[in-house]
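Just so you know, the protein sequences line up as chains Y and H, in that order.
Take the first sequence: its letter number 316 is residue 316 in the numbering used here, and every next letter is one higher.
So the mapping is simple: the numbering used here equals the position in the second sequence, first residue as 1, plus 322.
I should point out that these hints are in silico values taken from the structure, not numbers from a laboratory.
Among these hints, one or two may not hold up.
Listed next, with one range per pair, are the computed distances between beta-carbon atoms [as the list claims (entries may be wrong)]:
#	chain 1	residue 1	chain 2	residue 2	range
1	H	611	Y	40	26 to 36 Å
2	Y	292	H	471	23 to 33 Å
3	Y	281	H	407	23 to 33 Å
4	H	419	Y	2	40 to 50 Å
5	H	616	Y	91	12 to 22 Å
6	H	405	Y	27	49 to 59 Å
7	H	555	Y	206	47 to 57 Å
8	Y	149	H	426	30 to 40 Å
The beta-carbon is built from N, C-alpha and C at its ideal position, and this holds for glycine as well.
Protein chains: 2
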Amino acid sequence: MSLYLALDFGGTKLAAGLVEAATGAVLARVRRPSPGDAWRSIEEMVDMARQALAEGRRARSDVAGVGVSFGGPVDEARQRVRLSHHVPGWENLPLVQEVSRALALPTAMDNDANVQALGEWRFGAGRGVADLLFVNVGTGIGGGVIVGGRLHRGRHGLAGEVGHTVVKPDGPPCTCGKRGCVESLAAGPGIARAARDALRESGRGGKLRALAGGDPAAVTGELVFRAAADGDELALAALADACRYLGIGIANAAAIVDPELIVVGGGVAKAGELFFGPLREAARAHAAPLDREMLRIVPGALGDDANILGAAALAEQENRRT
Amino acid sequence: MSLYLALDFGGTKLAAGLVEAATGAVLARVRRPSPGDAWRSIEEMVDMARQALAEGRRARSDVAGVGVSFGGPVDEARQRVRLSHHVPGWENLPLVQEVSRALALPTAMDNDANVQALGEWRFGAGRGVADLLFVNVGTGIGGGVIVGGRLHRGRHGLAGEVGHTVVKPDGPPCTCGKRGCVESLAAGPGIARAARDALRESGRGGKLRALAGGDPAAVTGELVFRAAADGDELALAALADACRYLGIGIANAAAIVDPELIVVGGGVAKAGELFFGPLREAARAHAAPLDREMLRIVPGALGDDANILGAAALAEQENRRT
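Here chain Y stands alone, though its shape is the one from the complex:
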């Protein structure tokens, strides 16, 4: 039996999936907006899990276990949520216990970046790799580390946090309270801020300005990518800067882990060479000399199913352990 229910609690969206682990096939997907409250999110998710079973024409007794991806830190034994940066009411909530009780199935949980790392390693771009560094780039920057074919969580479940490594001391403020973290320089909001500042200071960036309806305040990370794809020089410069700092962060993490492969997932995984070209160049320029030629950086392969497939991989791993 290799069927798993995969539940993804995101900041704004909930998703449930029914996954056949042997093939990596997603037999059913259910997505809904988050109701914006912890307990109501759990109720909604349990209902979505039942709907996924019904859509996949399977019974609960066909399922070996449940994997949960949570969009925020979970405690070291991975039984409780620590907090959500987006939704109130999650503090210290015993989510594993609640889900396993409601669905009467063994349940395992981890934060979304660790889950995605596991998913890319089991089903995606990192199949067959022993040591893997995974980085997710989106609104924030998260990461996960596979060592010797196992997810390395670290002492407090916080390993792989490439986004909060400091690569520009005295740089821009980060959501975490520090300055010059990779996330503050290379995630969507950081790219947008840098491009907005540049637009206000120069007459260039006509295509980006037009995309933003003439209002620099309306610039988003996504618009910077679109303008860069259209050849806008100001947008390309903002993107190159972001890639430079992300490249330093990745090269630094690679100097610690010395991975076989680096997988970069999240929205940027779809951006192609526009993003991966400058990123690879920056990472190699800042890698240790012996690492330089060996640094392999590839886009994540799981797209929108990364959390669902990762949660299924987590459930499968826990199932095998018991």
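Given chain Y, put chain H in place with the hints provided.
Positioned in the frame of chain Y, the structure of chain H alone reads:
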């Protein structure tokens, strides 16, 4: 049987020891300057190993194996030296084969930073810790990572290289060819260079200037530590700057590994609070918020025996595996 021969090939010195692994006792030590040539170093070392056996009143047949610490990169299967940055003739030399043939004992090798990490974990400040980050600060800055009670070498044997992570883009040039590596800012020569530059630019630093015989060019990292211990403000500022960048490098590495403990060895391990006070403060200030209170940084406990005890720990580990 828990007796091991431990051989340490350093850039300028050779050391051999006879170690009882059950207790961590060094039964005999032999030290000689390096003859400055690869093959002559091996001959010399084999002679030193025999002398250590004689001094410890043991026969070769009492010994379970040999551990070799090499002061430079070794290849991924750890059979060959890649190169020495100090001594010519080491390129691609099959050191494990030569030593095991000459001494007729099973032999294991690793680079000195990995060996020291293993030594601190087995016999020193990191005993009983599952996940450990080790950093050696001296003329250069090396490091090693223990994950789940095992040395994590990484894909190319290059894991744990905290010294060559970049923490100040466009900073001073590093021996590795990059700029702004931790090593360029926080190892002995980097501290000395910063203090020399400050001496030339200001009238302060009277105690440091006196220690250097009035000649800024004569300032060394060690003199900066001595002047700082004597309250010299310029030396204290240079040391604080070095601790800041080393602290960022350690906090960044901790964000990737999430270790239970960070051990800092090398010459600075003896410097006490003068060094560890500012280092802890800098590392905590740059750690991820959830890590901040949990970051534990302690001095290495093995002193001058770090390489010998580490090499014995390596030999013991290999012996148990077979």
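Verification of the hints:
1. H:611 / Y:40: 26 to 36 Å: 28 Å, holds
2. Y:292 / H:471: 23 to 33 Å: Given about 31 Å between the Cβ atoms, the range holds.
3. Y:281 / H:407: 23 to 33 Å: 27 Å, holds
4. H:419 / Y:2: 40 to 50 Å: Given a distance of about 46 Å, which is inside 40 to 50 Å, the answer is holds.
5. H:616 / Y:91: 12 to 22 Å: Taking Cβ atoms as reference, residue 616 of chain H and residue 91 of chain Y lie about 19 Å apart, which means the hint holds.
6. H:405 / Y:27: 49 to 59 Å: Since residue 405 of chain H and residue 27 of chain Y have Cβ atoms about 54 Å apart, the given range 49 to 59 Å holds.
7. H:555 / Y:206: 47 to 57 Å: Once the Cβ atoms are compared, 53 Å apart, the range 47 to 57 Å for residue 206 of chain Y and residue 555 of chain H holds.
8. Y:149 / H:426: 30 to 40 Å: About 36 Å separates the Cβ atoms of residue 149 of chain Y and residue 426 of chain H, which means 30 to 40 Å holds.
Checked against the numbered hints given earlier, this structure breaks none of them.
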